[in-house]
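With the hints as your guide, set chain B onto chain L.
Residue numbers (our numbering), protein chains in the order written: chain L, -8 to 445; chain B, 25 to 376.
The set of hints was computed from the structure by calculation and includes no laboratory data. Among the hints, a few may not be true.
To be verified - The following label-pair restraints were derived from C-beta to C-beta distances:
hint: 1; chain 1: B; residue 1: Asp324; chain 2: L; residue 2: Gly126; range: 46 to 54 angstroms
hint: 2; chain 1: B; residue 1: Ala298; chain 2: L; residue 2: Val(-1); range: 35 to 43 angstroms
hint: 3; chain 1: L; residue 1: Glu128; chain 2: B; residue 2: Asp324; range: 43 to 51 angstroms
hint: 4; chain 1: B; residue 1: Leu128; chain 2: L; residue 2: Trp0; range: 53 to 61 angstroms
hint: 5; chain 1: B; residue 1: Leu165; chain 2: L; residue 2: Ser339; range: 51 to 59 angstroms
hint: 6; chain 1: B; residue 1: Ile219; chain 2: L; residue 2: Lys162; range: 40 to 48 angstroms
hint: 7; chain 1: B; residue 1: Gln218; chain 2: L; residue 2: Phe59; range: 19 to 27 angstroms
Unchecked claim - Below, a list of computed lysine to aspartate or glutamate pairs in the DMTMM-like style, where the Cα atoms sit at most 25 angstroms apart:
hint: 8; chain 1: L; residue 1: Lys352; chain 2: L; residue 2: Glu275
hint: 9; chain 1: L; residue 1: Lys164; chain 2: L; residue 2: Asp153
hint: 10; chain 1: B; residue 1: Lys35; chain 2: L; residue 2: Asp274
hint: 11; chain 1: B; residue 1: Lys101; chain 2: B; residue 2: Asp90
hint: 12; chain 1: B; residue 1: Lys30; chain 2: L; residue 2: Asp282
hint: 13; chain 1: L; residue 1: Lys49; chain 2: L; residue 2: Asp172
hint: 14; chain 1: L; residue 1: Lys271; chain 2: L; residue 2: Glu337
hint: 15; chain 1: L; residue 1: Lys63; chain 2: L; residue 2: Asp178
hint: 16; chain 1: B; residue 1: Lys35; chain 2: L; residue 2: Glu275
hint: 17; chain 1: L; residue 1: Lys348; chain 2: L; residue 2: Asp274
hint: 18; chain 1: B; residue 1: Lys110; chain 2: B; residue 2: Glu92
hint: 19; chain 1: L; residue 1: Lys183; chain 2: L; residue 2: Asp153
hint: 20; chain 1: B; residue 1: Lys99; chain 2: B; residue 2: Asp77
hint: 21; chain 1: L; residue 1: Lys321; chain 2: L; residue 2: Asp282
hint: 22; chain 1: L; residue 1: Lys197; chain 2: L; residue 2: Glu128
hint: 23; chain 1: L; residue 1: Lys352; chain 2: L; residue 2: Glu337
hint: 24; chain 1: B; residue 1: Lys134; chain 2: B; residue 2: Asp144
hint: 25; chain 1: B; residue 1: Lys181; chain 2: L; residue 2: Asp436
hint: 26; chain 1: L; residue 1: Lys183; chain 2: L; residue 2: Asp154
hint: 27; chain 1: B; residue 1: Lys188; chain 2: L; residue 2: Asp436
hint: 28; chain 1: B; residue 1: Lys30; chain 2: L; residue 2: Asp274
hint: 29; chain 1: B; residue 1: Lys35; chain 2: L; residue 2: Asp282
hint: 30; chain 1: B; residue 1: Lys185; chain 2: L; residue 2: Asp436
hint: 31; chain 1: B; residue 1: Lys30; chain 2: L; residue 2: Glu275
hint: 32; chain 1: L; residue 1: Lys183; chain 2: L; residue 2: Asp125
hint: 33; chain 1: L; residue 1: Lys49; chain 2: L; residue 2: Glu62
hint: 34; chain 1: L; residue 1: Lys127; chain 2: L; residue 2: Asp165
hint: 35; chain 1: B; residue 1: Lys188; chain 2: L; residue 2: Glu2
hint: 36; chain 1: L; residue 1: Lys272; chain 2: L; residue 2: Glu337
hint: 37; chain 1: L; residue 1: Lys127; chain 2: L; residue 2: Asp153
To be verified - Derived, one-sided and incomplete: chain B residues facing chain L with beta-carbon distance under 7 angstroms:
hint: 38; residue: Thr39
hint: 39; residue: Phe215
hint: 40; residue: Ile318
From a predicted model like this one, the values you see are computed outputs, not experimental measurements. For glycine and all other residues, C-beta sits at the position ideal for the given N, C-alpha and C.
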Amino acid sequence: MSFSSKEVWHEFSKNKIGLAGIGILVILFAMSAVAVLTIPIESFKEWNDPSSWLTFPKSALPAWVNYFLSEKMPEHMILQNPQVASQNVGDIFLTSNIFVVNYSYDKFPSDFIYEYTAKYAGSPLLQIWVTRPDGKEFQLISTSLPQSKIETSYHGFIFSTDDSMMKNIRKNKDSFMFPIDSLLAQDIVFSKTGQNNVLNGYYFFKVNLYNVNSKSNLETSKFILGGKVYGLMGTDELRRNLTVGLLWGTPLALFIGITVAIGSVVIGLVYGVFAGYKGKKTDESLMRFNDIIYAMPALPLLIILAVTIGNSIFLIVGFLVLFGWVGIAKVSRSMALQIKTFQYVEASKIMGQKDYKIIFKHIIPQLLPYAFASIAISVPAAITTEAGLSFLGLGDPTFPTWGQILHDANTYGAAARGLWWWILPPGIMIAVTGLAFVFIGHAMDVIVNPRLKR
Amino acid sequence: MKMSFKRFVIKRAVTMFGVLMATLLITIALVGSNMDAILNQSVAIDVQKQVTDDKHLVSTFKNPQDLEAYIENQKQKRIAALGLDKPWYYPPKLGLSMYKILTLDFGHAKFLTSDTGSSDVKDIILEKMPRTILLFTTATLIISLIGIFLGALSGSKINSKLDKMTSTFAIISSSFPVWWIGMLMIFVFAFVYQIFPARATPLIPVTDPGYIGSLLYHMALPLITLVLIGFGSWAYLVRNFIVGIMQEDFVTAKRAAGISEKKIIYTHALKNAAPPIITVLALSLSGSLGGAIITEAVFDWPGMGRLYYEAINVLDLPVIIGETYVLTAFFLVSIFLADVLYGYFDPRVRKG
Chain L
-8 MSFSSKEVWH EFSKNKIGLA GIGILVILFA MSAVAVLTIP IESFKEWNDP SSWLTFPKSA
52 LPAWVNYFLS EKMPEHMILQ NPQVASQNVG DIFLTSNIFV VNYSYDKFPS DFIYEYTAKY
112 AGSPLLQIWV TRPDGKEFQL ISTSLPQSKI ETSYHGFIFS TDDSMMKNIR KNKDSFMFPI
172 DSLLAQDIVF SKTGQNNVLN GYYFFKVNLY NVNSKSNLET SKFILGGKVY GLMGTDELRR
232 NLTVGLLWGT PLALFIGITV AIGSVVIGLV YGVFAGYKGK KTDESLMRFN DIIYAMPALP
292 LLIILAVTIG NSIFLIVGFL VLFGWVGIAK VSRSMALQIK TFQYVEASKI MGQKDYKIIF
352 KHIIPQLLPY AFASIAISVP AAITTEAGLS FLGLGDPTFP TWGQILHDAN TYGAAARGLW
412 WWILPPGIMI AVTGLAFVFI GHAMDVIVNP RLKR
Chain B
25 MKMSFKRFVI KRAVTMFGVL MATLLITIAL VGSNMDAILN QSVAIDVQKQ VTDDKHLVST
85 FKNPQDLEAY IENQKQKRIA ALGLDKPWYY PPKLGLSMYK ILTLDFGHAK FLTSDTGSSD
145 VKDIILEKMP RTILLFTTAT LIISLIGIFL GALSGSKINS KLDKMTSTFA IISSSFPVWW
205 IGMLMIFVFA FVYQIFPARA TPLIPVTDPG YIGSLLYHMA LPLITLVLIG FGSWAYLVRN
265 FIVGIMQEDF VTAKRAAGIS EKKIIYTHAL KNAAPPIITV LALSLSGSLG GAIITEAVFD
325 WPGMGRLYYE AINVLDLPVI IGETYVLTAF FLVSIFLADV LYGYFDPRVR KG
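Just chain L, same shape as in the assembly (with noise of 0.2 angstroms):
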């Protein structure tokens, strides 16, 4: 009954299904590397910071649906080298910065935000105006900055949907033949005067610092035109960029599902047989604990658990082992049972070999290739449990999952407002992960099963 490291190989390479599950699992390390090595560890804190995600645009397509679409979507602009001009008049002391992007898709930009650190002294006159292709020229916002005595850094946004900014543009409805009192900014600066359509070509965006007596400075100056697209897998409610996210998620969900498993079976290994070869009264008592403990719903504890001890990620790993070893004890229990019958087992008992010794270095070892079939089939279930866990809101806040993703795909109802690509992709990574090892698992479970039917 013994099992050779290339016997078992051997097999297992004639089994297609069992290679295609090595091949998903592959690529999935493969993934789990490319986040760990490119993306820092320290960022992780960032995925529940919204300040972090400013720049990003708000719910926009992935990338390549433009390969799809006749009409062009805007990609995701961040425009960083403006011209630089500065002069005085008297006191007056001018800087100005001008973004010239020539806009030449098809869509208006989902919005568009203007980033801005301004050193100064006093109270500086910040105003932003904009000159149209067809010449025309709005002026979008003149705010003042805060009164400041000696010189200060100022770290500020002007966005789009600022209020003072719609009153500005609106103020220009003698210039358009249609309404716009009911239209977004962009979708009025980037506007043909004719009809509600986008009108291409250069636009020059200039920003403007007027201060009195001394000399003030943009020493960062980003003009940000929001896309409607943006990378590989687009970007969520929250302006998270869902890439980074799934990335993330991969060596989490193989964290947790291969920890989990392994724990599991180990766990319920060593009780089964223990209870197995002790029999008797011992064997009894730990398997009506065991009973006990396979007929509680699990669902409603482990969120009972979450809810009151906590919801680390380590912490849920150690709830789901808590209801994973059950299943695994009752096999390797009867297994242990009738491996304790067999000659050389009894034969080392009456030589006087202790029990652990027996249990370990006679009987475990003979049950390692169930459990290592066992560990692959406990890896999906695993999975979905703490995605579902994270779905109800009671994950890790501070990892971000595949199940935490679509929790909050669920909060800002992403499904009935069609933004698939922030409910599909988590979807199907967590499919795939578990299919991955069913199938492993399933090749396994060939090998293993008819030797032990003997």
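Okay, now just chain B, sitting in the frame of chain L:
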């Protein structure tokens, strides 16, 4: 070591009751101290308000220290009267809370109310229960009917195209979380094709005569989802039972006697596969109830699962305890039924 059927049933019943008690004990252990803390707070606020509202009483105190002392004294009295000064594991208190829960006296909810406005946890749960049972029993029945038919069909034609498709569909469909398929269904049938509502809670009040009709219409999408994701594994299971039975001697004998293959499958083989099928039916009913928490949350179906989800969100502990008890009881009753049915049909199970 065979035992009589009666002994087997009694033994299982005792185990199940033990499980129910253990689950309750764990629940109380986990939420008990939290609940006491919350109750303590509300007692403190109540007493403070009562005393300060009573102008006459306040005027009898000469200085604020006396008033403070009086309020503190009143609080301690009230807390002692309610048994809140004792920890949750204080035996008489624990016994009392267990007894109350066993007799379905869950107390009053902190935040949630039933549609009719009652805050009694029992009323809330009893109001939601029929809807959960309606959805999940209907789904399980449809799933098992499709599954038994499809399973028998593919079991009769092993390795045919249909058989392979059924197995593939079963493996793939069981890898997707039901709630994720639910989100996709909402996307397809509530956004792309606007056939069904995205939220499964009817907008008209319960008292309206059209409520039942509206509820059934809102039930369509969750029902379709549950059936879609569920029948594959059922068919696969039934297929495997049938394949096993078709290899047995009595089937070979029937074949030799010239009975048609179709008749063997639909009468003899299915009849022999009935006990495990009934068992799995009972088990999957209970299993689906556990899954109801997430499924109902996705579809916003106004049943016990969504109630649980809401209770977690606002940490309404009396509701959480009541729901855990009811869900556990449901779960155990169906496991018990499955066990007993199996033991009845297959005496081999009854061995110690």
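> Quick check: which numbered hints come out false for this structure?
Replying inline: The structure conflicts with no hint, since it agrees with every one listed earlier.
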